[in-house]
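Could you slot chain B onto chain A? The hints should help.
Heads up: the protein sequence lines correspond to chains A and B, in order.
Residue 356 is where the first sequence starts when you use this note's numbering, and the numbers rise one by one after that.
Residue 41 is where the second sequence starts when you use this note's numbering, and the numbers rise one by one after that.
If you're looking for bench data, these hints aren't it; they were derived computationally from the structure.
Anything over 10 Å on all C-beta distances counts as not near chain B; from chain A, calculated:
no., residue
1, Ala409
2, Pro420
3, Ala489
4, Asp655
5, Ala669
6, Gln811
Simulated coverage check for chain A against chain B, where a stretch passes if three residues somewhere in it have a Cβ under 8 Å from a Cβ of chain B:
no., region
7, 437–444
8, 556–566
9, 618–626
Here are the simulated distance ranges between beta carbons:
no., chain 1, residue 1, chain 2, residue 2, range
10, B, Thr171, A, Pro402, 34 to 40 Å
11, B, Gly340, A, Ala391, 51 to 57 Å
12, B, Leu191, A, Ala815, 53 to 59 Å
Built from N, CA and C at the ideal position, the CB exists for glycine as well.
Below, each chain spelled out in residue letters.
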Amino acid sequence: MTGRNRLVAIVGLVVLTATVAACGGSQPAASKTPGAPVTLKIEDFSPEQTAFHAQVAAEYHRLNPNITIDWQSIAQAQYLQTLPLAFQSQHAPDLFYWTAGGTNTMSQLMANGWIRPVSPDGKVPDSWTKRWPAGLFVNGINTSGGKVYGFPWQDTKYWGPGYMYLNKAVFQQAGLDPNKPPATWSELQQTCATIKAKTKAYCLAAPLKDTDWQRTWFAMAAGGLTDLFFDYRTGQYDLAESQNLQTFNYLQGLYRAGYMAPGVNDKAFSRQQFAAGQAGIYMDGPWMISVWDQLGFHSDGYAVAAHPVPDGGATGALSMRDNQNAYWVSSQTKHAAETWAFIQWMTEPTGFFVRNFLKNSFATLAFAENKTFLTDPAWKAVFKIAESKGFRVATPEPVLKCPALAQSKAEVDANRLHPNWEYEVMVSALVNNTNLAPLAQQVAAGRQTVLSSELQKESAGGLKVSLDCYTFSTWSYTQSYNSNQYPKS
Amino acid sequence: MTEGISSPLAAGAAGRRWSARARDLLGGDQRRFWIPVFLAPFLVLYGGFTLWPLLATGLYSIFDWDGIEPLNRFVGLGNYARAFSDPIFWLAFRNTLLFAFLNCVIKLPLTFLAAVLLTQRWLWFKRFFRTVLFLPLILPVAAAGLVFTFLLNPSNGALDSFLVGSGLLKEPIDLLGHDNTALLTIVLVSVWQIFGQYLIYWMAALQSVPEDLYEAAAIDGAGPWRQMVAITLPLIRPVALIITLLALVNSLHVFGAVVTLTGGGPGQATYVVSYYIYNEAFRQAPFAYGYASAVALLFGVLAFLFVFGQGLLARSAERLRREYGV
Numbered sequence: 356m357t358g359r360n361r362l363v364a365i366v367g368l369v370v371l372t373a374t375v376a377a378c379g380g381s382q383p384a385a386s387k388t389p390g391a392p393v394t395l396k397i398e399d400f401s402p403e404q405t406a407f408h409a410q411v412a413a414e415y416h417r418l419n420p421n422i423t424i425d426w427q428s429i430a431q432a433q434y435l436q437t438l439p440l441a442f443q444s445q446h447a448p449d450l451f452y453w454t455a456g457g458t459n460t461m462s463q464l465m466a467n468g469w470i471r472p473v474s475p476d477g478k479v480p481d482s483w484t485k486r487w488p489a490g491l492f493v494n495g496i497n498t499s500g501g502k503v504y505g506f507p508w509q510d511t512k513y514w515g516p517g518y519m520y521l522n523k524a525v526f527q528q529a530g531l532d533p534n535k536p537p538a539t540w541s542e543l544q545q546t547c548a549t550i551k552a553k554t555k556a557y558c559l560a561a562p563l564k565d566t567d568w569q570r571t572w573f574a575m576a577a578g579g580l581t582d583l584f585f586d587y588r589t590g591q592y593d594l595a596e597s598q599n600l601q602t603f604n605y606l607q608g609l610y611r612a613g614y615m616a617p618g619v620n621d622k623a624f625s626r627q628q629f630a631a632g633q634a635g636i637y638m639d640g641p642w643m644i645s646v647w648d649q650l651g652f653h654s655d656g657y658a659v660a661a662h663p664v665p666d667g668g669a670t671g672a673l674s675m676r677d678n679q680n681a682y683w684v685s686s687q688t689k690h691a692a693e694t695w696a697f698i699q700w701m702t703e704p705t706g707f708f709v710r711n712f713l714k715n716s717f718a719t720l721a722f723a724e725n726k727t728f729l730t731d732p733a734w735k736a737v738f739k740i741a742e743s744k745g746f747r748v749a750t751p752e753p754v755l756k757c758p759a760l761a762q763s764k765a766e767v768d769a770n771r772l773h774p775n776w777e778y779e780v781m782v783s784a785l786v787n788n789t790n791l792a793p794l795a796q797q798v799a800a801g802r803q804t805v806l807s808s809e810l811q812k813e814s815a816g817g818l819k820v821s822l823d824c825y826t827f828s829t830w831s832y833t834q835s836y837n838s839n840q841y842p843k844s
Numbered sequence: 041m042t043e044g045i046s047s048p049l050a051a052g053a054a055g056r057r058w059s060a061r062a063r064d065l066l067g068g069d070q071r072r073f074w075i076p077v078f079l080a081p082f083l084v085l086y087g088g089f090t091l092w093p094l095l096a097t098g099l100y101s102i103f104d105w106d107g108i109e110p111l112n113r114f115v116g117l118g119n120y121a122r123a124f125s126d127p128i129f130w131l132a133f134r135n136t137l138l139f140a141f142l143n144c145v146i147k148l149p150l151t152f153l154a155a156v157l158l159t160q161r162w163l164w165f166k167r168f169f170r171t172v173l174f175l176p177l178i179l180p181v182a183a184a185g186l187v188f189t190f191l192l193n194p195s196n197g198a199l200d201s202f203l204v205g206s207g208l209l210k211e212p213i214d215l216l217g218h219d220n221t222a223l224l225t226i227v228l229v230s231v232w233q234i235f236g237q238y239l240i241y242w243m244a245a246l247q248s249v250p251e252d253l254y255e256a257a258a259i260d261g262a263g264p265w266r267q268m269v270a271i272t273l274p275l276i277r278p279v280a281l282i283i284t285l286l287a288l289v290n291s292l293h294v295f296g297a298v299v300t301l302t303g304g305g306p307g308q309a310t311y312v313v314s315y316y317i318y319n320e321a322f323r324q325a326p327f328a329y330g331y332a333s334a335v336a337l338l339f340g341v342l343a344f345l346f347v348f349g350q351g352l353l354a355r356s357a358e359r360l361r362r363e364y365g366v
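Excised from the complex, chain A in its bound form (with noise of 0.2 Å):
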């Protein structure tokens, strides 16, 4: 053989093997074979949960030897940006964490191509369905076609922002009572001035970063309105009604008077100045009960109380919206049976899953006694909390309303016009003190504008959609919208 000839054929091997080894990455054919290896890939963001998935999948795969759990939790904003490559790459995992379309979060999967029904053949037995509240699984936002997509996650009762915490050391130090906490907005403003004349700590930790500024906002916004932008009354984006910006004029005076703590901080610094002792009051969601205990603040350092109310009482409350269908199984799973034998062993109300997910106060779940299992004191003031009347409502669903809204894209198009619009613009007049009522203005009437037009082109177009889909003139933002309200299909 010549000496090219023979660099001809090295090189043409090299080729050949790189070809073949690049080849050689490509999953295996999914074995058909009964109690042959399996692995199960979860997907999620809730990497504080690491631990928790492990004993998971210790358990699992205790019970079922074929089968291992693969469970894999990153950040939020990565996630949602790797989740869709993956889908891209046909790389998607078996079960993952989907929430960001809200009530539409199933149609959007459907339209992505994303998700497939929870059961191989779609059916799914009553048992299963009646671990849940009657009236959970509802066409267009969690079954299709008479098959489950999507099974309700976190107990939306309880789960959600608006509780107000209180550190028992600085209201002690200011010769106040935690137990006594404030209840109107006049009581807050004279706590603050309190707790600023008698210490050295800040009234209120109250993040401004980013989107941070909600856990304040949606407490105190709720009290005159509604933890939303949108008012499902009138069907119109609301930053800019009178309320909200009564709210707003109030928590700008409680900043002008450097009640709240300096800096545009982060939630994780200002959770931290909380739990430090460094401020008096944070207002967020039940999930800081796990939170502060990661930070070593356990619950006999903190009160738990609603967040306070406008003098007059309460025009508004927080909203119950039975949307958190979290778990999905991808259209790409090679082993839907053995997702499906998965979900119905993590969903079983006393099972393993349940008694160590809520032993660790992740969240609650909208499938379990979860007073049976959270016994902390700072889980019973919540319990009792969101039980107590008007504090949380049921919120009116356009879809159950119109059915066609499940293919509508008018309200996310509307919504993704600048994402972040409402809470950049109300930190700019909080720390600038300026009127906040020509840029709400300008907010409402950018997002209306784009949810009108395409919802008329949308109906245009054949789809029986409206602005009347989203407005329910009879609802009073203080008592839930029930589902005898809807018109009968």
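Below, chain B alone, put in the same frame as chain A:
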């Protein structure tokens, strides 16, 4: 029967026959063969990682595409029209130019001065100073941003604690919390972080000036300032232009510092174009790849025009300077 390479002589003869054959094929100029062969790897990489993404960006910019669904929602110039009519885009664009201008105006003279000092023979502990000034460059931008977030925090940051404790200020100042100071603070943090890189550039430029010119000038009685003005600056001018251009282009890409220090805030006070793209395109599902592509292309063209315009102005000034003999 195959020929075997039995000896170096035979191998050399085979090689010469092959070269002769190649020469015949290529009309006698072997370079026509070898030039593309050596260029091929670069062209493949350049095409794959520069040209193709650029073309793809242009393609995506005319669609309303979320990166997942098929590319079928054609909008033409709709994305560009949306960007043009968005005041927040223009705010981000203005902030980006302002950041780039301030960044260059502060860091280039400072790093040049530091480079001049570090190349002086009389300076002791040169290596120590070089190391200290270069160290911030090793830190990732995000890490530097996080560190300064804590240092500059008005609640309990080290800077405010010192200023208030020493009596220089009565109350802490929130540098990152006010429209008037937030962008400038990001500029200063960025200058601190990138200082070492431009220090190296200037030192390399200064060390390229022949030493004997300075000796000759010293013999003629020229002092340090005269040497600087008459020898150093003229000779490093071509490199200085390149360093300035690099500084300008790099500072237009600011992103990490904004994300970690202010998140574009307070409000939208420190929005820059890269952060605007990130916020508009990737902060909420479904993503807006199409719009992000349009904004990126639009900004690229505007930035190119800006830099090109600067280059024209600089050349015009140089020509005038020569005409007037100053």
